[in-house]
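Chemist: Each chain, letter by letter, is given below.
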Amino acid sequence: MPVTLTCHVGIGPRAEGEALVADDNFSARYDLDRIKGVFSRPDHALAGQSYVDKILVMNTAKGGVATAWMLYEMVSRGMAPRALLLNTANTILAQGAALAHMPLCDRFDAGDVTQQIKSGDMLAVDPGLGQVTILDG
Amino acid sequence: MQLSSQAEAMLAGEMGPARKWAVEHQLQIGRMFDAVDMVNVSQAHMMADPESTGEAGVKLVESFAALPEEERRVVIPTITDPRGVDLNYYDPLGQTEEMADLERRFIAACQSLGITMTNTCINYQTVMPPVRGDHVAYGDTGVVIYSNSICGARSNFEGGPSALAAGLTGHTPRYGLHLDENRRATRRFAVKSPPRELTDWGVLGAVIGRRSGSYWEVPAIEGIENVPTSDEAKHLGAAMASYGSTPLFHIVGITPECDALDDVGGSRLPAEEVTADDLDEFRGSFGARGEKVDVVVFAAPQLSLVEMKQVADLCRGRTCHADTALLVCTPSSVYTDAKAAGYIDEIEAFGGRVLQGTCFYQQYAREIAEANGWERLLSNSTKIVNILGGYGYKPALAPMDACVASAIAGEIV
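Respectively, the protein sequence lines represent chains A and B.
Counting in numbering that gives the first Met the number 0, the first sequence runs without a single skipped number right up to 136 at its last residue.
Counting in numbering that gives the first Met the number 0, the second sequence runs without a single skipped number right up to 412 at its last residue.
Calculated from the structure, these hints are not laboratory results.
Fair warning: there could be bad hints in the mix.
Not close to chain B: a few residues of chain A, all C-beta gaps over 12 Å, as computed [said to hold, decoys possible]:
(1) Pro1
(2) Thr3
(3) Thr113
Result set (SDA-like, lysine to any residue): computed pairs, CA atoms no more than 20 Å apart in a straight line [as the list claims (entries may be wrong)]:
(4) Lys19(B) / Leu59(B)
(5) Lys19(B) / His100(A)
(6) Lys35(A) / Gly388(B)
(7) Lys35(A) / Ser49(A)
(8) Lys393(B) / Met78(A)
(9) Lys35(A) / Gly15(B)
(10) Lys35(A) / Ala368(B)
(11) Lys58(B) / Met116(B)
(12) Lys308(B) / Glu196(B)
(13) Lys35(A) / Glu366(B)
(14) Lys308(B) / Asp400(B)
(15) Lys19(B) / Met0(B)
(16) Lys58(B) / Arg76(A)
(17) Lys291(B) / Ala370(B)
(18) Lys308(B) / Thr335(B)
(19) Lys58(B) / Met78(A)
To give an idea of the interface, some chain B residues facing chain A are shown, with a C-beta separation under 7 Å as derived from the structure [to be verified]:
(20) Trp20
(21) His24
(22) Leu26
(23) Gln27
(24) Met31
(25) Met46
(26) Thr52
(27) Gly53
(28) His134
(29) Gly138
(30) Asn155
(31) Gly159
(32) Pro160
(33) Ser244
(34) Thr318
The beta carbon of each residue, even a glycine, is placed where N, CA and C say it ideally should be.
Given the sequences, and given the hints that come with them, work out the whole structure.
Modeler: Laid out in structure tokens, this is it:
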């Protein structure tokens, strides 16, 4: 039975894809090797893992404003996550998602989204409705 | 969202595709954060180094630059954050002609839009500080937290695209820190070990930022009795914003919105202590005494004229180790004054290099590490040691005098 999680209205188009989940935070500048498409920060929970075409499910944003440009640049090279789901986004992630036309949702009604979704779950994200469906949940 | 008639005209494309793009961008952000309307802003500050924008971001801004003049010019003072390439000094750093070309193209496009290339993340020290209650659209988290907290201005973190949108429209969505209710304290920290020098202030900012942990938390800080200098407040804020994505703090009795804790609603909050042990534990995570040091960096934030003098005083009459590089980042305006004062010559006689209008971590940090064989980096910036771990460096933290002493010794002292 698919399970649908509700959240605040987000940004960007609908998307489907596979979840990559961590109880950690996110910044494209601080955490990624954007050429190789992997998490490169040694102490990140996803260190070494590829984020390309994954729906990233994480806690919140880290410092830095670079992500506002970087998501667009990553999409232009086909080396980007497919969507971002967070407990709380910050303004920079929202701005980056808007420029990149990348789906972004946050503020889930059921609480900590990193506990609701597991890595490998197939998800359908609808930012306009504020809904995320776990397809094989 | 409610739009002014002028914003409606922009949205309809009557003022060209760049302003239409800008309002469409702002509407998406405004809806996500429940803004009911836009707020006029007096200045915009755009972060846009070529490593972040890539070819794609440069092409977007070039597409605006190709429009007729009345459709492309910014309508409020719009200034820039540090660049990624010092065009007077890039080949020796291991930066490529391709990187420099991207930089040149972006600068040309910005100038065509009427953007002023200040290339600084310390515009509150060097260009025009905002005043209390001034609504602005600033990028660079260090600029935003300083302007909100020390100046009492009102800005969200506006990344490059959003700062550009504000420049093109003169407004930004009214949400977050433009609203009184989001400027009240949500956390209360009692500092038991007051900071003494710049890096102490950065470490305190890092510890409070890490504990706060979200853009939507506002720390109120008690226990600071000595008024920080502008440089000290700069390091405190830059570190807090870096570790916590924190955009605003209050220091009781010091910052303009918080004469007393009750002014920001802090009395109802439980006080969380920040002890000397907490600060030492943080410092311990960036210690590496005795290890060979490849590069010593003073940057993030760029140095003020006062800091330039401090570095020059430490360098005077001494010599950097042959296997260690020393780099200093400052805006061109400070560089000019520092040159006249003799500070640049003293740093260069030491064997250091002063870069103009850049900041180290925005300068293709991964590529220049590979080109120069740099791994162990030492800085007095609590912010930069946070960022560079993801770029393949082993960062270490020490006060300014110990950084220069380490550059002389070739190892961390």
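Chemist: The structure should be examined with respect to each hint, and the outcome stated for every one.
Modeler: Hints, one by one, checked against the model:
1. Pro1: holds, 25 Å
2. Thr3: Consistent with the label, Thr3(A) stays out of reach of chain B, its closest Cβ about 20 Å off (over 12 Å).
3. Thr113: holds, 14 Å
4. Lys19(B) / Leu59(B): Status holds; Cα separation ~14 Å.
5. Lys19(B) / His100(A): holds, 16 Å
6. Lys35(A) / Gly388(B): holds, 16 Å
7. Lys35(A) / Ser49(A): Distance of about 8 Å is within 20 Å: holds.
8. Lys393(B) / Met78(A): Distance ~26 Å between Lys393(B) and Met78(A) Cα, so the pair is violated.
9. Lys35(A) / Gly15(B): violated, 38 Å
10. Lys35(A) / Ala368(B): Given pair Lys35(A), Ala368(B) holds - Cα atoms ~16 Å apart, limit 20 Å.
11. Lys58(B) / Met116(B): holds, 18 Å
12. Lys308(B) / Glu196(B): Distance of about 15 Å is within 20 Å: holds.
13. Lys35(A) / Glu366(B): holds, 13 Å
14. Lys308(B) / Asp400(B): holds, 12 Å
15. Lys19(B) / Met0(B): holds, 15 Å
16. Lys58(B) / Arg76(A): holds, 14 Å
17. Lys291(B) / Ala370(B): Holds - the C-alpha atoms of Ala370(B) and Lys291(B) are around 18 Å apart, at most 20 Å.
18. Lys308(B) / Thr335(B): holds, 13 Å
19. Lys58(B) / Met78(A): With a Cα-Cα distance of about 18 Å, the restraint between Lys58(B) and Met78(A) holds, given a limit of 20 Å.
20. Trp20: violated, 10 Å
21. His24: His24(B) check passes; min Cβ-Cβ to chain A is 5 Å, inside 7 Å.
22. Leu26: violated, 9 Å
23. Gln27: Status holds, d = 4 Å.
24. Met31: holds, 5 Å
25. Met46: This interface hint holds because 5 Å falls under the 7 Å limit.
26. Thr52: Interface hint status for Thr52(B): holds (5 Å vs cutoff 7 Å).
27. Gly53: holds, 3 Å
28. His134: violated, 15 Å
29. Gly138: holds, 5 Å
30. Asn155: holds, 5 Å
31. Gly159: holds, 5 Å
32. Pro160: Holds, because the Cβ-Cβ distance from Pro160(B) to chain A comes to roughly 4 Å (cut-off 7 Å).
33. Ser244: Interface hint status for Ser244(B): holds (5 Å vs cutoff 7 Å).
34. Thr318: violated, 34 Å
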